[in-house]
Amino acid sequence: MYRRFLSWRYLVRRRINLIGVMGITVGVGALIMILSIMTGFLEESRKTVRGSLSDVIVQPHNLPRADGSFVPRSAEPLLAKLREDPRVEAACPHLSWAGILLQTGMDATESEYRLKDPQGGELAFAHFVGVDLEAEFETTELRQNLLREGSGGEGGFRIPVDDPDDPFAVPQSHEEDEFFAWVVVGEQLARVHDLYKGALINLVTVVPDPFRDELQPSSRKFRVAGTFRSGENEIDLSRIYMDRWELSDFLSDTHEYTQVLVKLHDYEAERETIEADLSRELSAAGLIHHDRSLEVRTWESFRGSLLGAIENERALMGIMLALIVLVAAFTVFAILMMMVTEKRRDIGILTALGATPRSVMSIFLMIGMWNALLGCTLGTILGVAGALRIDAIEMWLSETLQVQIFDREVYLFDHIPAVVTPVAVIAIVAGALVATALFSLIPAWTASRLHPIDALRAE
Amino acid sequence: MTTRTSFDPASEPVLRADEVRKSFQVGDREIEVLHGARLELRAREHLCLMGASGAGKSTFLHVLGLLEAPTEGEVHLLGKRAWSLPMAERAALRNRHIGFVFQAYHLLPDLSALENVTLPARIAHSYGTVPFDKAAHTAEAVDMLERFGLGERIHHRPNQLSGGERQRVAIARALILRPEILIADEPTGNLDTGTGERVLEILFDETQRREASLLLVTHDERLAQRCDRVLVMVDGQIEADSEVMIPQ
Chain V
1 MYRRFLSWRY LVRRRINLIG VMGITVGVGA LIMILSIMTG FLEESRKTVR GSLSDVIVQP
61 HNLPRADGSF VPRSAEPLLA KLREDPRVEA ACPHLSWAGI LLQTGMDATE SEYRLKDPQG
121 GELAFAHFVG VDLEAEFETT ELRQNLLREG SGGEGGFRIP VDDPDDPFAV PQSHEEDEFF
181 AWVVVGEQLA RVHDLYKGAL INLVTVVPDP FRDELQPSSR KFRVAGTFRS GENEIDLSRI
241 YMDRWELSDF LSDTHEYTQV LVKLHDYEAE RETIEADLSR ELSAAGLIHH DRSLEVRTWE
301 SFRGSLLGAI ENERALMGIM LALIVLVAAF TVFAILMMMV TEKRRDIGIL TALGATPRSV
361 MSIFLMIGMW NALLGCTLGT ILGVAGALRI DAIEMWLSET LQVQIFDREV YLFDHIPAVV
421 TPVAVIAIVA GALVATALFS LIPAWTASRL HPIDALRAE
Chain X
1 MTTRTSFDPA SEPVLRADEV RKSFQVGDRE IEVLHGARLE LRAREHLCLM GASGAGKSTF
61 LHVLGLLEAP TEGEVHLLGK RAWSLPMAER AALRNRHIGF VFQAYHLLPD LSALENVTLP
121 ARIAHSYGTV PFDKAAHTAE AVDMLERFGL GERIHHRPNQ LSGGERQRVA IARALILRPE
181 ILIADEPTGN LDTGTGERVL EILFDETQRR EASLLLVTHD ERLAQRCDRV LVMVDGQIEA
241 DSEVMIPQ
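Line order of the protein sequences matches chains V and X. Once you know that position 398 of the first sequence is 398 in our numbering, the rest is easy, because the numbers rise by one and skip nothing. Once you know that position 1 of the second sequence is 1 in our numbering, the rest is easy, because the numbers rise by one and skip nothing.
Do not take every clue at face value.
To be verified - If you anchor each label on the Cβ, the simulated ranges turn out as follows:
(1) X:Ile31 <-> V:Trp8: 38 to 44 Å
(2) X:Ala135 <-> V:Met395: 54 to 60 Å
(3) V:Leu18 <-> X:Ser23: 42 to 48 Å
To be clear, the hints were calculated from the coordinates, so they are not data collected in a lab. From the three backbone atoms N, C-alpha and C, an ideal C-beta is built for every residue, glycine too.
Whole structure, please, built from the sequences with the hints as guidance.
Below is the structure:
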């Protein structure tokens, strides 16, 4: 096939084609790498966010209904109702409360002093979560999070609990202490505040006083039994798990639970309908305040803004990087236009030897496609390899440039996640091929329109 | 695509032009360059076409070589009405049955001498008129180039060859498919006398050897003396009494 032979020869003999190939390589490679990283971010975020939640979160509003009644104070009726549903695999109650963590070993005066100094580095926002361990282990990933390696891989910071099945138990290295309950804190919270096994922490919060209709401060000391790691920085930096009844007691028995987390047998199959179904059923049973008040939400709608932001970012990055491919395709167009002018005489010679205008057109179209094929092949290899080795690349770059490129403290994860999806790679390569083909059409058509005699006379 | 079953070279000319007219639009004016030119090229004949500059020789040659469409008239190539055929069929006919030798050689600068010579065979393969047997075509091209004194230069690119060498490569390229007709437009116009003489020797010997017909355009009367017939073109027409039979 002389068209393939000639187009390849023209490609390799004109080094300027390298610019087109390189442009497409960079565009395709960058698109694959960045989109893989963004997809990784999205997937990892979904996994992490879901892991620390569950499939569905039921959060009844504690407001009076029209008839003056409230939802039940106990979680048991809600749990019982949910566990009756054949779609539900497990459910657990959470008592979730916000407060402040004060550094260890302070007496009441010192704690008060610290509280008056909001700039003090030893104050930290803390999110207390009271759990029922058995139900929690069936519903969420807390048990896995207790066993997970510390950030930074093996040897990373971690205070393992003595017994993952009973993390709030007194560690063997410590004596029974009737005054302080044991809690499990987020790995990063422990690291930032130099906590250790047995460390004494003071938790401060405010609780509503049901008699005087005002908030009352409450503080209590706990001991650290160990750490957990969810992988989501926000949680690992603030969450403190403890026994639900212990927390309820700390809150002066004002609340028994704030949420019920639900795990479904097949979330993907139910995700579209579960919110509305459960809202209706639980509202009818008087277990939530209202059936249209967002008291029942899937984990995706619960953290929808975070996931939506990442998805938006991915789409935006895709659009911006697709422009590189378009510019590269335009470069191929410019190179081909130049080649058509340069090769006018060749076109005349080829016609004299028996080539048709269509053949001439296909020769120049093929040069464009060689550019695209080489660029896409190299770009795919570089993009996929770059995405798979992005952590090593980032570390090398950070060391070489002495600049921290990916701050592991800032993001949700301690590594750069990248997921290479074959469909995305195929779509990127197909897009680059189509764009180059379209941009090559005009020069190819121009070449085919040259009159052979004019072309032969070209200098 | 280009079968010649109904064509008899003994009784019919291999190439015939009937009342060929060709006009060009120059601004608002239409200028007629060929005013009903006629020509017959018989099998194995060496025909010379002479004429002053601007007489229309090149335009006539382009029409005969199926590179430029006539405004009126027809060209019969091996009995086929060439300008009435679809473009692809006409291109295949040109590829398979006409060889061109140009004054400016017109070799593809990115191909070696050998690749230039085998290029028409590659094109013919795309039409299915000739099976492309790379080894056979390469062997024939190498053989031809060696006979033309270019055995050491087959892998050289045109810019590494002298003018005479380039023209010999162009002759080999024109003959690789053993065409019935060879059209040569001032083949020695860019060469010195000695080199031109060597090129002409090859041109005449090879066309004779391959029993091809030669249509030669030249200003050189000594060159015309070597042809079987000479036609003179004046103002876009073949002079009625210009046909001169050259005794061999």
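Going down the list of hints, with the structure as the test:
1. X:Ile31 <-> V:Trp8: 38 to 44 Å: This hint holds: roughly 42 Å between Cβ atoms.
2. X:Ala135 <-> V:Met395: 54 to 60 Å: holds (55 Å)
3. V:Leu18 <-> X:Ser23: 42 to 48 Å: Distance hint for V:Leu18, X:Ser23 holds at roughly 46 Å.
Checked against the numbered hints given earlier, the structure satisfies every one of them.
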